[in-house]
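Order-wise, the sequence lines are chains A and B.
Anchor point for the first sequence: position 88 equals 88 in this note's numbering, and the numbering is continuous, going up by one each time.
Anchor point for the second sequence: position 254 equals 254 in this note's numbering, and the numbering is continuous, going up by one each time.
Hints are computed from structural coordinates only; laboratory data are not their basis.
Check the hints yourself; a few may be wrong.
One copy or any two copies: either way a pair holds, since identical chains are not told apart in the list.
[Claimed, not checked] DSS-like, lysine-lysine: derived pairs with alpha carbons at most 25 Å apart:
| id | residue 1 | residue 2 |
| --- | --- | --- |
| 1 | 47 | 188 |
| 2 | 188 | 271 |
| 3 | 74 | 149 |
| 4 | 76 | 149 |
| 5 | 257 | 274 |
| 6 | 271 | 305 |
| 7 | 298 | 22 |
| 8 | 22 | 74 |
| 9 | 47 | 29 |
Number of protein chains: 2
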Amino acid sequence: MKAKAGLKTKMSRMSLSDYLEKKREFFEKGLKNFFPSTFNEASIIQKSMEYSFFAGGKRFRPVLALTVCEALGKDKEDILPACLAIEMIHTYSLIHDDLPAMDNDDFRRGKPSNHKVFGEGMAILAGDGLLTEAFYIAARYPEKDNLVKGKLDFVKELANAAGIRGMVGGQVMDIDQGKEFNEDYLIKLHMAKTGAMIRVSALAPLIISEDYTYFSQVESYASSLGLLFQITDDILDVESSKDKLGKTTGKDIEQNKLTFVTLFGLDEAKKKAKEVLDKAVGYAEKIPDSYYLIELAKYIFSRDK
Amino acid sequence: MKAKAGLKTKMSRMSLSDYLEKKREFFEKGLKNFFPSTFNEASIIQKSMEYSFFAGGKRFRPVLALTVCEALGKDKEDILPACLAIEMIHTYSLIHDDLPAMDNDDFRRGKPSNHKVFGEGMAILAGDGLLTEAFYIAARYPEKDNLVKGKLDFVKELANAAGIRGMVGGQVMDIDQGKEFNEDYLIKLHMAKTGAMIRVSALAPLIISEDYTYFSQVESYASSLGLLFQITDDILDVESSKDKLGKTTGKDIEQNKLTFVTLFGLDEAKKKAKEVLDKAVGYAEKIPDSYYLIELAKYIFSRDK
Chain A
1 MKAKAGLKTK MSRMSLSDYL EKKREFFEKG LKNFFPSTFN EASIIQKSME YSFFAGGKRF
61 RPVLALTVCE ALGKDKEDIL PACLAIEMIH TYSLIHDDLP AMDNDDFRRG KPSNHKVFGE
121 GMAILAGDGL LTEAFYIAAR YPEKDNLVKG KLDFVKELAN AAGIRGMVGG QVMDIDQGKE
181 FNEDYLIKLH MAKTGAMIRV SALAPLIISE DYTYFSQVES YASSLGLLFQ ITDDILDVES
241 SKDKLGKTTG KDIEQNKLTF VTLFGLDEAK KKAKEVLDKA VGYAEKIPDS YYLIELAKYI
301 FSRDK
Chain B
1 MKAKAGLKTK MSRMSLSDYL EKKREFFEKG LKNFFPSTFN EASIIQKSME YSFFAGGKRF
61 RPVLALTVCE ALGKDKEDIL PACLAIEMIH TYSLIHDDLP AMDNDDFRRG KPSNHKVFGE
121 GMAILAGDGL LTEAFYIAAR YPEKDNLVKG KLDFVKELAN AAGIRGMVGG QVMDIDQGKE
181 FNEDYLIKLH MAKTGAMIRV SALAPLIISE DYTYFSQVES YASSLGLLFQ ITDDILDVES
241 SKDKLGKTTG KDIEQNKLTF VTLFGLDEAK KKAKEVLDKA VGYAEKIPDS YYLIELAKYI
301 FSRDK
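Taking the hints into account, I'd like the entire structure generated from these sequences.
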């Protein structure tokens with residue numbers, strides 16, 4: 001595999017943005033075969049689910065899964081349903097997070113949030129529906145006998161990442177924050193809230209194919225990538241808002257929210273981001289055809305939005 | 001198996017209530033090995049989940065699964081985690097249904113409902129946590145190689161029963177009701193809202209053991225049982241309140257809710273209940289050791305609470 005990858009010179013590679021766009025396209029086209037269609041009587045929940053699922057997200061998690069999949073030379077079709085399941089869970093978490101009883105956000109990606117359009121009750125049900133359907137899709141597809149064990153293991157890891165030891169637990173820590181204001185808590189919070197789902201996205205191709213050869217390398221890469229994503233997010237909350245007219249500086253600072261910037265200051269946070277990038281690149285270099293995995297990490301490090 | 005079952009005379013059988021109590025005990029004791037324990041930072045969600053899960057429910061679905069399991073001579077230990085998963089999903093549905101944005105119920109089983117104790121945000125998260133953990137447990141346990149295919153099929157059927165084509169879809173139909181006031185809609189609503197989870201409970205022993213010999217008989221029995229449960233529920237809403245001082249008669253009628261009583265009248269509803277009981281018994285008679293399945297159906301028919 002390494003030899004085959006080596007044949008491609010850097011010159012022949014497409015740009016990262018083209019590459020990511022191709023992965024997104026693969027995902028968007030493929031998912032239509034699996035996205036649920038329900039009976040007519042419940043079609044309003046179908047509309048509510050689709051409203052948020054097709055709201056134009058970056059599809060970061062599916063794209064990451066597909067990039068790892070290609071790096072390891074696995075079949076992308078085999079992990080497409082897993083990508084869909086992951087993105088459905090991501091979407092449900094945004095719908096529930098936006099609810100008045102949670103973060104109370106009226107807008108998401110420039111559009112009114114789900115409950116502003118469909119009402120709170122339907123938003124709760126749409127989230128529940130997306131979460132549940134994610135497991136249905138992950139367990140059912142692809143309908144191949146040789147993937148039975150891999151699919152079951154993936155369902156287990158997906159539930160572990162999405163639940164109380166992962167995303168849901170991280171959300172609880174986020175609500176509870178302020179009790180502890182230190183790096184240990186901050187990292188634990190993010191490992192749970194966003195890290196666990198990013199980890200399982202990157203590991204999906206390995207779990208489903210039952211090929212754990214590069215497990216620790218991919219796991220370490222994904223952990224670093226998740227952390228990098230979070231640190232740059234915290235930096236952007238300060239830097240990006242400075243540049244934008246009419247936006248108050250540092251919402252996180254104002255609310256005394258525990259972030260890498262409020263905890264360490266901007267310069268130290270940037271230094272940490274660079275350290276984590278170097279780690280991510282180091283891990284990626286041990287993965288066979290990791291050109292785009294490295295590019296992806298660099299892109300996240302230097303992103304401006 | 002029929003011959004073996006025949007050795008037991010009716011005299012040697014314990015009463016249904018003793019039998020059900022034994023099944024409940026088996027469930028309550030066994031589940032402790034699987035009920036999640038999470039990290040400390042999220043312990044408030046643990047408390048919230050446990051508050052509702054251990055609120056003293058009837059455990060109807062797990063008991064049904066265990067009764068079918070024994071009727072078919074399957075190993076109860078093998079379906080215990082499935083029973084737990086089913087009950088966790090049932091519990092999550094009650095927590096979310098009680099929310100102000102849904103049914104807005106302040107009490108559940110004589111105790112303040114989850115959101116009245118833990119707040120709406122935590123109640124939403126506790127529901128999400130229970131639903132997600134249900135799939136984790138169903139996918140992981142029992143950790144036996146020979147159950148891999150059975151567990152995966154069960155996860156799929158469980159998600160199908162709990163989601164938009166099942167329980168969640170039924171809840172949407174319930175919110176939307178009033179648009180259609182006919183038997184077809186009513187039956188569809190209940191088949192989705194409660195019937196689908198009762199069906200998958202009864203089928204769990206077959207699915208997990210991959211033994212579909214009595215599939216159609218158990219499926220038909222469970223469908224009748226679910227319908228019977230609903231019709232008697234509707235009857236009790238009228239009859240039980242008549243006997244109780246200080247309670248207005250027929251909340252369903254008052255709110256013009258679509259039920260078997262509001263649609264057909266009390267006498268006709270009772271006639272229907274008897275018809276459905278006869279059907280359930282007829283199907284059960286085709287299942288090997290179905291004594292308690294038949295008793296269970298009779299009990300539901302004649303229950304007064």
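Here is how each hint holds up against the structure:
no.: 1; hint: 47 / 188; in the structure: between (36 Å within a copy, 20 Å between copies)
no.: 2; hint: 188 / 271; in the structure: within (20 Å within a copy, 60 Å between copies)
no.: 3; hint: 74 / 149; in the structure: both (16 Å within a copy, 23 Å between copies)
no.: 4; hint: 76 / 149; in the structure: both (18 Å within a copy, 23 Å between copies)
no.: 5; hint: 257 / 274; in the structure: within (22 Å within a copy, 62 Å between copies)
no.: 6; hint: 271 / 305; in the structure: within (19 Å within a copy, 66 Å between copies)
no.: 7; hint: 298 / 22; in the structure: within (19 Å within a copy, 60 Å between copies)
no.: 8; hint: 22 / 74; in the structure: within (17 Å within a copy, 50 Å between copies)
no.: 9; hint: 47 / 29; in the structure: within (19 Å within a copy, 42 Å between copies)
Checked against the numbered hints listed earlier, the structure breaks none of them; every hint is satisfied.
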